[in-house]
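Trainee: Single-letter residue listing:
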Amino acid sequence: MLTALLRSLRTGVVTLRYPEEPARIPERFRGAPRPRPGAAFDALPPASVCPSGAISGGDGGSRYAIDLARCVRCGRCAEGPAAEAIELGRRVELAARSRPGLVVEVERGGDGRVVALPPPPPEAEVAERIRRTLGRSLHLRHLDSGSCNACDWELTALLNPVYDVRRLGVDFVASPRHADGVIVTGPVTRNLETAVRRTWEAVPEPRVVIAVGACASSGGIVGRSYASAGGVGEVLPVDVFVPGCPPRPEAIVYGILLAVGRVRATAPGARAG
Amino acid sequence: MADPTPILEDVRARLAGRGGLEPGPRPGDLTVRLRGPEELPAAAAELGAAGLSLATLAATDDEATSDRDVKVRWVFEPGGGAAPLPDVFVTLLVSLDPARPELPSLSPELPAASWHEREAQDLFGIVFRGHPDPRPLVVHDGWPRGLHPLRKRFDAGLRPPVEPAGEFPHLVVEGEGVFEVPVGPIHAGIIEPGHFRFSTVGESVLHLEPRLFYTHRGLEKRIEGLPVEDALFVAERMCGVCSVSHALGFCEASEQIAGIEVPRRARFLRTLALELERLYNHVGDIGNIAAGASYHYGTSAGQRMKEALQQLAEELAGNRFLRGLVVPGGVRVDLTAGLARAIEEAMAATAEALESLVERIENNPTVTDRLDATGLLPQRDAIALGVTGVAARASGVDRDARRDHPHAAYASERGLQVSVAIETDGDVHARMDVRAVEARESIRLVRVLLAGLPAGPILAAMPGLLPPWRAGLASIESPRGAAIHWLRSGADGRVDRYHLRSASYANWPAVPIAAQSAIVPDFPLVNKSFELCYSCTDR
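Those protein sequence lines, which keep their order, are chains A and B.
By this note's numbering, the letter at position 233 of the first sequence is numbered 233, and the numbering carries on one by one without gaps.
By this note's numbering, the letter at position 272 of the second sequence is numbered 1272, and the numbering carries on one by one without gaps.
If you're looking for bench data, these hints aren't it; they were derived computationally from the structure.
Do not take every clue at face value.
[Unchecked claim] Residues from chain A that face chain B, not an exhaustive set, calculated with beta carbons under 7 Å: (1) TYR18; (2) PRO51; (3) CYS148; (4) ALA195.
Small disclaimer: the values here were computed from a predicted structure and weren't measured.
By construction, the Cβ of each residue, glycine as well, lies at the ideal position given by its N, Cα and C atoms.
In isolation and in its complexed conformation, chain A is listed as follows:
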């Protein structure tokens, strides 16, 4: 007991200070792909390069879009010669309130160069939103709707001493009846669809739904099939989408904090959905 205490004291504080301090991103991190503005439009890789079908357009047309919700961060679209046209982002703060908010779209400029549209939201506004919501508490029920367990383990990591999400007033609770919302991982399998609906119904209103990972956000690599609904949005009203395969723990923290802003914006007693 005493030695355990001494060891703990010697170890000191290991907890990261995200979001006050930015996430530490390793050099090889494969983040969200983005067409480089100014690059030759024709250098963009064909849609077939993406194993999860996140890329559309190109192929002679004048538009090109990458759906970050579908993207599994394999990085293949930015490999080889395509690296000139696509860069992999280093931000983890990608969560959005709507699916269109996760689509990066560019068009062919008059000179054959990539022109971005529309511009990404300004960083300052995002930071302000986080500050505004930091004081708010959110208790969530985890709902695995058929994940590969990578997203689940990243949710577990939020409770480890390094991320310790409880310091932000966020916790995971055992019963949906104790929860302010559900945090969902997986594409919603056929065998879980009923359980997913019932768990959500058991959460008192107003309730938030946070979809974590490519599968939950869009179906991801699983897609839509006899066994998969193709994303949580097909079954529940989603408030925040956190893309990634899986999203890093900080990306999930950011998504949760974004969701808290949504609850504040809703009139008391109003249905959050």
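Here the structure of chain A is known, so what remains is to put chain B in place on it, guided by the hints.
Mentor: Below, chain B alone, put in the same frame as chain A:
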């Protein structure tokens, strides 16, 4: 490595006259095309008598080919006898009428066959005559009869509506004071979904009936028709914490088909990734066992070790689950001197923290009291059910695919012969101890790999399309045990059929047996000591 010749000669002699013998799927393996389905039980019994045990079942729908049949392949591997076991697979192949695919069930004699047969019944519509428990396994309530997703004529876009479900059919235990406790599929913690029906008297578990396959995503259908370079990303996502193992199994099977020699440096780096995956799993699992015993210091210590190793994984592979590293033909990113130093430092830190945690647990009677004699899996049950990995080795079954089916750089290189950890108590404590010994061995292997890393290329050229109609077979020792990958290319060189029998799939049927020596509050502890994935079981 043991010579496979004696066992193959024995099998040839035993099966003479029952069908045609040919090599495959790998050059040193044996496939027996049985004269008819009725030969199957006797042939399987001969293989059992020759010391072989069941590895997997791979069915294919070849109705649209010139064969016009449905094929069922029972794949066996050496199971009994002294280690090391010879690296060989023996396949019993049966051709069935695609309109009425029917054959005798092996489950009455071979309990390990039960889930495989139920799965093939659901997904292919194959009838296994005499199966003792023919309830649906993979498809749940309200699934239309006569609709089998892995038949080629099944429309991949079809989505039959989800209908309300009644009580799932299960064994009902009756008697004074017997209660049923339903748990799941949505659980109280951050864990994967499964339903457990406990029949209890007081705290004692009389009977546990699990119902899984809630996370069935249809991935084996999803992967059909993809070129290998795309299919890899699906195989890698069968499971999160087995990402490296599953990617590697898929790659080795596809490389066999393509006839590609993977460069030596790539094989070392693949082995490195496998051991790093095992290590982050094992230290995290020891922490989770501590959590199951309410020892929170141990939980935090395990979580911190795991977190540090996952941060290391991201430095190395750009992903905290080491995704994107293993690709067909080799590996995608190389090791730098700086990364090698970071790995060495992480090994030193993990080794120190691991010994500290294990010592603290072992010297804490309030913890060990929970671990001892809890969740017993007897050796004979482990063998009968074909249990693998940590769960098997903790019950005295001396098997490890790193030694018995060498892959990546194991066995073939100096210092990479794996010392297999064996315990005999078969309880939670034994499974924790096996993990601790294996974690130390992983650290040793990582150091050997770093010290002996050969120079050279990391990627061999892989064709975009595979040679048509060839099969590959690989057994990879994942953190949970041997995962068996069966892959076949189609006429167009794309994936025609891919089947994964994960370690968790083999081990789940053992959990209800272990639960019988536990009280209900200890079930989470028993479950954590097996630490089975639902996702790579359900696929």
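Trainee: Hold the hint about A/TYR18 up to the distance rule: shortest CB distance to chain B must be less than 7 Å.
Mentor: violated (13 Å)
Trainee: Using Cβ atoms only, decide whether A/ALA195 comes closer than 7 Å to chain B, and label the hint accordingly.
Mentor: Result: holds, 5 Å to nearest chain B Cβ.
Trainee: Let's test the interface hint: is any C-beta of chain B closer than 7 Å to that of A/PRO51?
Mentor: holds (4 Å)
Trainee: So, as I understand it, the hint says A/CYS148 touches chain B; can you test that by seeing if any CB pair is closer than 7 Å?
Mentor: Holds - the Cβ of A/CYS148 comes within 7 Å of chain B, reaching about 5 Å at its closest.
In this structure, only the earlier hint numbered 1 is contradicted, and the remaining ones agree with it.
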